[in-house]
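Protein chains in written order, with the numbering used here: chain A, 13 to 643; chain B, 13 to 643.
Check the hints yourself; a few may be wrong.
In this list, chains with the same sequence are indistinguishable; a pair is considered to hold if it fits within one copy or across any two.
Computed cross-link-like contacts, PhoX-like style, restricted to lysine-lysine with a CA-CA straight-line distance of at most 25 Å [as the list claims (entries may be wrong)]:
1. K203 / K507
2. K613 / K203
3. K495 / K507
4. K63 / K203
5. K112 / K203
6. K63 / K507
7. K495 / K627
Please keep in mind that the hints were generated in silico from the structure rather than gathered at the bench.
A quick note: this is a predicted structure, and the numbers were derived from the prediction, not measured.
Protein chains: 2
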Amino acid sequence: MKRNLYLTTTPIDEAREIYMNALGDDLRPRAETIRVTDALGRVTSEAIYAKYSSPLYNSAAMDGIAVVSSRTEWASEASPVLLKPDEDYLAVDTGDPIRKPYDAVIMAEDLQEVPEGVLIHAPAPAWQHVRPIGEDIIAGEMILTRCHRIRPIDIGVLLSGGVTEIPVYAQPRVGIIPTGTEIVEPYENPKEGDIIESNSRMFEAMVRENGGLPVRYDIVPDDYEAIKASVLKALEENDVVLVNAGSSAGREDFTVHILREIGEVFIHGVAIKPGKPVILARACGKPVIGIPGYPVSAYLAVENFVYPVLRSLTGLRASQSTTIQAVLSRRLVSSLKHREYVRVRVGRVGGRYVCAPLARGAGAAMSMVRADGFCVIPQEKEGYEAGETVDVVLFRSAEEVDRTIVCTGSHDLLLDVISDLMSGEPEGVRLSSTHVGSLGGLMALQRGEAHISPTHLLDEETGIYNESYIRTLFPGQEMVLVKGVRRIQGLMVAKGNPLGIRGVEDLTRVRFVNRQRGAGTRVLLDYKLKQAGISPDDVDGYEAEAATHMAVAAQVASGEADCGMGVYSAAHAMGLDFLPVGDEEYDFAMRPETLDLPEVKCFLRLLGSDAFRAKLEELGGYSLEGSGEIR
Amino acid sequence: MKRNLYLTTTPIDEAREIYMNALGDDLRPRAETIRVTDALGRVTSEAIYAKYSSPLYNSAAMDGIAVVSSRTEWASEASPVLLKPDEDYLAVDTGDPIRKPYDAVIMAEDLQEVPEGVLIHAPAPAWQHVRPIGEDIIAGEMILTRCHRIRPIDIGVLLSGGVTEIPVYAQPRVGIIPTGTEIVEPYENPKEGDIIESNSRMFEAMVRENGGLPVRYDIVPDDYEAIKASVLKALEENDVVLVNAGSSAGREDFTVHILREIGEVFIHGVAIKPGKPVILARACGKPVIGIPGYPVSAYLAVENFVYPVLRSLTGLRASQSTTIQAVLSRRLVSSLKHREYVRVRVGRVGGRYVCAPLARGAGAAMSMVRADGFCVIPQEKEGYEAGETVDVVLFRSAEEVDRTIVCTGSHDLLLDVISDLMSGEPEGVRLSSTHVGSLGGLMALQRGEAHISPTHLLDEETGIYNESYIRTLFPGQEMVLVKGVRRIQGLMVAKGNPLGIRGVEDLTRVRFVNRQRGAGTRVLLDYKLKQAGISPDDVDGYEAEAATHMAVAAQVASGEADCGMGVYSAAHAMGLDFLPVGDEEYDFAMRPETLDLPEVKCFLRLLGSDAFRAKLEELGGYSLEGSGEIR
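Pulled out of the complex, with its shape left as it was, chain A reads as follows:
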């Protein structure tokens, strides 16, 4: 099988329009009649009219007595009127019918009970506290229009209006076929070369959230006939079929050839990043969409091409995402070849929204989990400069973003611990941390793009942490430094220390993995190398950069590197041996006014909590003396 080297790159809106037009009448939704009690979240396929009025009859709106209004005309405080049971009134409860000659209700609270009956002190005008027939719903009136998604209140009103069954759009069945010889079910124990199949499970959930019924098929290996057979079967059993992956131009990317054989391919390749290798096709009169394998590409392909197809079949309208204007923290370069979706974290700092780009790779699914939204770079733009105001399409509500602490700076596992504890608090506040190293964090704080900067920068001359850096970066400004933790830094080596590394002095004879420029840990390494009289040029891997303690630990654990520097807790978590190099102070820098934010108050409260202390003891390598103190 040849590679399909030449994907087209149709602009995304054009591709969608071509496809939706090509599908045309294939996208006619089916209707079915279901019970109202099963209808939550379903979508009406036609207008619904009330069968009965509600109330069905004139009825008491209050607990009390039903009276004939004309007989109460002369009642007053000065001369109350006596009404006798059965003769002059009937006791009624809310909802009871009011039949002639009765035409008004007096509330129980306004009655004075006497042996012969009740005394009233005011007249009851006709229709007082009586709900006329049809006051709420009139038989024959339209209760709901077509294309209306059923809410709880609709269920109540439909039943009150005598409607027990309604026509709704049938949920389209969406067949999902995972393909690939190298992919394995999540339930097995993966080995090198295996890729855990997770996309189809994400698609199931995406289809379900958008009103479809997902039908997942078994994994099909990269075999032309096997994939073709599975696609044909799925076409028979479903309204829409998704094939994942094999939509690109690899040697074993059969999908496009199969779809050309059994149907018609309208688009192969869309100018979108991530997500280019999309196939938009039709076979057996049904839409078939080939979806790329990288999770972020897959997500965007479903959102951009499968959702519109589902909307046509379900009657659901696009839910409008909230778009906000945010200041970009870092330059973003993009190509004119595609529209690019860059995942960003967003927060509101000092009255304006700021956004920080996350990992851009198509494979960085975790960055989708962390992201608060997308910054979409149009195809005709080459990118944005740092400090520019850009549009961000939010995944969360703006209110949620408003209650987020933006924490930018040095990485430590304790940030995850606080973030977890914070999520458990009833306030609904969040911690959003971006790891750019201590110096990068302080610079973000300076630019007004962060609430808090975790930092552990050693002043080589004084041996004091953090303070001198803050004084230099924020001259003449009052700043707050909240004491965090003392933590042990050291060298992480494989279990059992097979290379017999003793300390920094041995770094000249092993493969090292370093942290990025500006990271406090790198500053510490440089200091230690200088003390030991070693030049960075003599350290193999000094230029290899990892962004977090855990990333360093992972490199060592996998054998890619023999040694890296980082905190004890990361080495401990990855089962590595650890050679302590020294203690350091990991603190939180912020502006004084930040202390007043309720989110930050919650942060500080948790920093001093027993739950936090207990969790840090479990992680190991921390000392919490004076933690939470404000300097």
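Given the structure of chain A, go ahead and fit chain B onto it with the hints provided.
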């Protein structure tokens, strides 16, 4: 059984606080472990950590060949380097492992195939197009915090990280007990005195939407022992129990006495309107909430008291509703005795939000269906003046409200028809119509509170409809009048016309039902009465007002009135006989700039559509000549 005359009226926030504090540890959520593939929408009960890294190994990020970077160093356009298969490179597809000695990937597109192998024209630096182990997810890192509601992308990442099962909060079981001798299941044919039981079905849906598992019990008649037995059974089988209704102070309102016997009642009566008779109690260590019977009261009681209990048990956080500022179209008076929730329709007219109050009765469930939000009048406020800016808590997104046409004025069934057709259009636009009569509509247009005003006002002197009114109300301003329909007005009488009514001249001897002041139909009636020389004082029921044609028809159909004036379509829909009185012109007034709005373009397009014409023919009594013409 005595009435419970003396409900307290605890302020709403205080009542909630007392109750939540009293429940305290009873509200500890349970956790359970479920499969990730079943976890959509569930909420994590603790932080989730990755089990494996992703990728699991260094892998190809592109389709192409794996090479040893050092052997490509000298390649250039001028002197390409030849690489031989197996010896110098391995063909790889995206995701394939890159094992030593290979350390870089060259994309298929950059290769020139020759008989002996491939030529490359540029060096491949180490790690080019290679995804290092853990690039996306690092084993041991936190993927999700606790209290996180699982989204599709989370499912993908959890599985990629080797996590197949997760701990989540168990869905609390909520027992729902409908009580009342007069209530019947929706599936039976109701007769006078029956009330269709619909609240429990609404509760089921509300509980489901908020992460609980509803368990509905059979209707229990108003019998102390029967209700007690049902409550005790429900307490045994559920985490929370809701009793509806019997929470008020009627003769047969047993709930509070039962709960005092078997448990503890903390609050009976809350200062909220609608919704005062709420019971907040505990029995068998579980929350029991007595909910009032009126649907709007019931809805508000669930929202204000059951949702907080559910949030404690599910780990879900309150979703923040959007609150906007809107100009109030009508004065709202409220009492200092309670916080009042007034349902309003909201639209954006000329750059500002305007809101119009809907029916305020606790029984007006249909107004909840029609509403776009609540205007909440705080307990310490006596109300708001027309024109004041108030806070509105929206039920819809602000974007949806922005795409709504505000149509205020005279009522006709054709507005429902257009609204239905509009909902079927892909644009997602909505028509929100409020019925205040023709004159009221033109005045709303004048105040900038409506986009469109449907009007049919007869100038008695000229016999011409609408134009002179607009000239008078909008002196010197350019206005647009879009021709709507000609429709037949007449007298609606019971089937077979048992009283032998012949025309307006007979209105002195029957019970009439009129339309509200300012309604065009009322203007027409007055004109016809004057022509016939009849004084309004001689018409029994001239002061009885109904707000729509359908409401008039319902009064006649129920026998409450013998005769009313309205359009043919309403009489037809309610199965009444109809005595035509005359044709009239029902048109749409608007400002010229309104014609440019996309929503209004959609409205006008539909006005001229075949679907609209067909539907109006079905309703009967309309002529569509010139419909959609702009004057």
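field: Which numbered hints fail
entry: 2 and 3
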